[in-house]
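Here's the letter readout for the chains.
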Amino acid sequence: MNNTNLENYTKEITNKFSNKITKTYQNNNELHLNVELNDIPKICDYVYKNLNARLATIICSDERKNIGGFVIRYVFEKDGVFIFIVVSTGQNLSFPSIALHIPSATLYEREIKDMFGLIPAGNPDARPLVLHEHWPDEVFPLRKEFELETKTKRQEKEYPFLRVQGEGICEIPVGPVHAGIIEPAHFRFSVLGENIINLETRLFYTHKGMEKLAESMRLDEVLLLSERISGDESVANSSAFCQAIENIAQVEIPKRAKKIRTIFGELERIYNHVGTLAGVSADTSFPFGSARLNILKERLMRLNESISGSRILFGVNRIGGVRCDITAEHKKLILETLNEISGDFDKIIIILKSKSSFMDRLRGTGTISKKIAYDLGTVGIVARCVGIDVDARRDHPYGSYYLHNHKTPQELMQHQIEMEKRTGDALTRFEIRVQEVQDSFDIIRESLDLENDFLFTSIPERLEPFRSSLGWAESHRGQTLHWVMIGENNSIFRYKIRTASFCNWPVIEQAVLNDIVPDFPLVNKSLDLSYSGNDL
Amino acid sequence: MIKVSRKGIVGNGIETIKNLTNLLSSKNYRGSVIFMAEPTNDQRKMLEDICPTKALFSIKENNTMGLDNGKCIMCGYCSEAAPKTIEISNKPAIPAKMRNQMIDYSSPQTLSSKKSYEQIGNELKEKIQKMFGRSLAIRQVDAGSCNGCEIEIAALNNPIYDIERFGMRFVASPRHADVLLVTGPASRNMEIALLRTYEATPSPKIVIAVGACACSGGIFSDTYATTGGIDKVVPVDVYIPGCPPRPELLLQGLLLAVNRLKPENKKQI
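Protein chains in written order, with this note's numbering: chain A, 2 to 537; chain B, 41 to 309.
Just chain A, with the same shape it has in the complex (with noise of 0.2 angstroms):
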């Protein structure tokens, strides 16, 4: 099927610019289009508006040795079909930007700006992004000169954050050390007595340098990097990481490993959401609720544990199948630890349902509009809630999601109705959440039998330099896209990680419009984002 779109897409993009392409190529699931700098802005805005396509990612990378010029690619995603529109930059330090016309585009733009020193033309946001104001100008971490160990100079400055002057309007600056056990960021509210007029958040602030990193790192290091870009993706972002090479190996990993995977993607995915249910109920003043949730939560780590060796599902994958196998003797603790804790879990969300000082609480709290969750590009929860039917187990199937992805023409129908429904707000996305801890514990009873095959397979001992490949998996955000471009001697010539917090921040400036400062918190927990998976 995706090979038609592929076909398709060619077609329609080559028939429309066919003067201005000057190269297609295809790799896997992936179309390949180079263009010249300048067409950049009008190609961008026809796949984005008149194919529908979502903007997936934009990379950069320095191949100035290579090709001469830094090389940016703008990924694109429709039906199981990644688009990138591929450009050189060649002796250029400025690429036009597309931010006005994809909205989303400008985060990344000016993280290009920041990590590579290209200037994006046009983009009305000319403030830093990733290097805070202590970070002297001119020098740029990942283009290639630049020294992995290199301590810059501080250097004294001011972020200007956007300023709301008026009768009664003040300031609330919050972060970035808050006050509950979370991760650091500012947050800069302007409010009319307790409503909030606007909020600027100010991100990156553990920003790690993990890309610059993996750039001098053995492959399987990297493997351990990616399980830490955010300690509660670590099998959605491994899993991601090592299809990329897997598919620049062009190997297939054993059916068993396959099923592995989805169960410990789906273990994960059940254990964050009873997490974030738990902090949902916790910042509506409910501990009862919290303190139920979190005791399953520990329940459920406990179970990772006794399965992986790892709390939080560390050291599952592997490059070419996964490291830990499912016996029979996990097999029967996974079953009797998900049948007590669905059973628990459902009593649970009985209680918080009935409960209308909680119920009222969520109900039109953090509400989101369909059109701004689609224009900042959003997926997971965060895009489902709005009713953006984007799942990168469905879209782009891997592990053994093929397995679950049939429904009936009914089952599709209904489907198609519960998402026109949905209404944006925080009771939607606790709704869903709920929805979704009870399809992993389906999908998981019917992962169960396993393949009699392997864990994994070896993947060649060299890989072909300069090949590169996408990986992605949907973790419990949405959907986490890595690209990986080998170098030579098996090393990593660029790592760039995008995942679904990165897509999903910019939505919570929207969210909290006109709510009081005290709902804040709500709604961040409904949102449920990840600082250190957003700043790497």
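For the record, the hints were derived by calculation from the structure and aren't laboratory data. The structure displayed is predicted, hence computed values, not measured ones. Misleading hints may appear alongside valid ones.
Using 35 angstroms as the maximum straight-line C-alpha spacing, the simulated DSBU-like pairs for lysine-lysine come out as follows [what the hints assert, rightly or not]:
#	chain 1	residue 1	chain 2	residue 2
1	A	Lys-256	B	Lys-124
2	B	Lys-131	A	Lys-256
3	B	Lys-67	A	Lys-152
4	B	Lys-131	A	Lys-66
5	A	Lys-332	B	Lys-67
6	A	Lys-256	B	Lys-67
7	A	Lys-152	B	Lys-245
8	A	Lys-158	B	Lys-272
Fit chain B to the known structure of chain A by using the hints.
Same frame as chain A, but now just chain B:
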């Protein structure tokens, strides 16, 4: 696993655990790396290369090896490469007051704390009462962690570990805190914020570095974006190894931390 009465989650009585020793960890939990035999010359070189965080290192003088628990992230690559020489034990490495106390040598070591959770907690309670009166206020600071350590720290608050029964409590501001529980390799973007948090905390104060990243930079090592450990930014009193450390271990770390306070500090309160 925890024994629960099958009345279900509602009305199941007390879930809080009293004695942790018999369920401390499941048998294949990756807790710490231990040497089973003396590595040969070839093995030493191979192990040094294979360790992603350089936790394993050769000691040239006597042809032995050392293991820095403050760097180890329990990936298990070493035991896969040399299964007879190195094993992964399900007993976690223990917290230490000094960075060099975290190093094990390839001569067999005995490392286990036989104390039960309740014992540790009670011991802790006495010490805290001496130092801080009746309670200990903890402020958690994330200085760039991957949020794995945050999951475990947050677990201390759940009904199963229930840290508050020992008189310890997470507070919202460093101005209310006695202890800073710091995670992450101290990213450069968080350096100033961490320093200011430290300065805002009234004396006497304790800083606990939680996890391999906080102890040494861990897998994120020392790069343009990180500083390579919390002790590069603020003085650290206790190091808790692990990636991430178990909740029980965090409690043990707190115990060590309080022990460290000198009696004369009491006068400053």
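Structure-based check of each hint:
1. A/Lys-256 x B/Lys-124: With Cα atoms ~31 angstroms apart, A/Lys-256 and B/Lys-124 stay inside 35 angstroms; holds.
2. B/Lys-131 x A/Lys-256: This hinted pair holds, its Cα atoms lying about 34 angstroms apart.
3. B/Lys-67 x A/Lys-152: It is violated: about 43 angstroms lies between the C-alpha atoms, which goes past 35 angstroms.
4. B/Lys-131 x A/Lys-66: Violated - the C-alpha atoms of A/Lys-66 and B/Lys-131 are around 49 angstroms apart, more than 35 angstroms.
5. A/Lys-332 x B/Lys-67: 16 angstroms, holds
6. A/Lys-256 x B/Lys-67: 27 angstroms, holds
7. A/Lys-152 x B/Lys-245: 30 angstroms, holds
8. A/Lys-158 x B/Lys-272: 23 angstroms, holds
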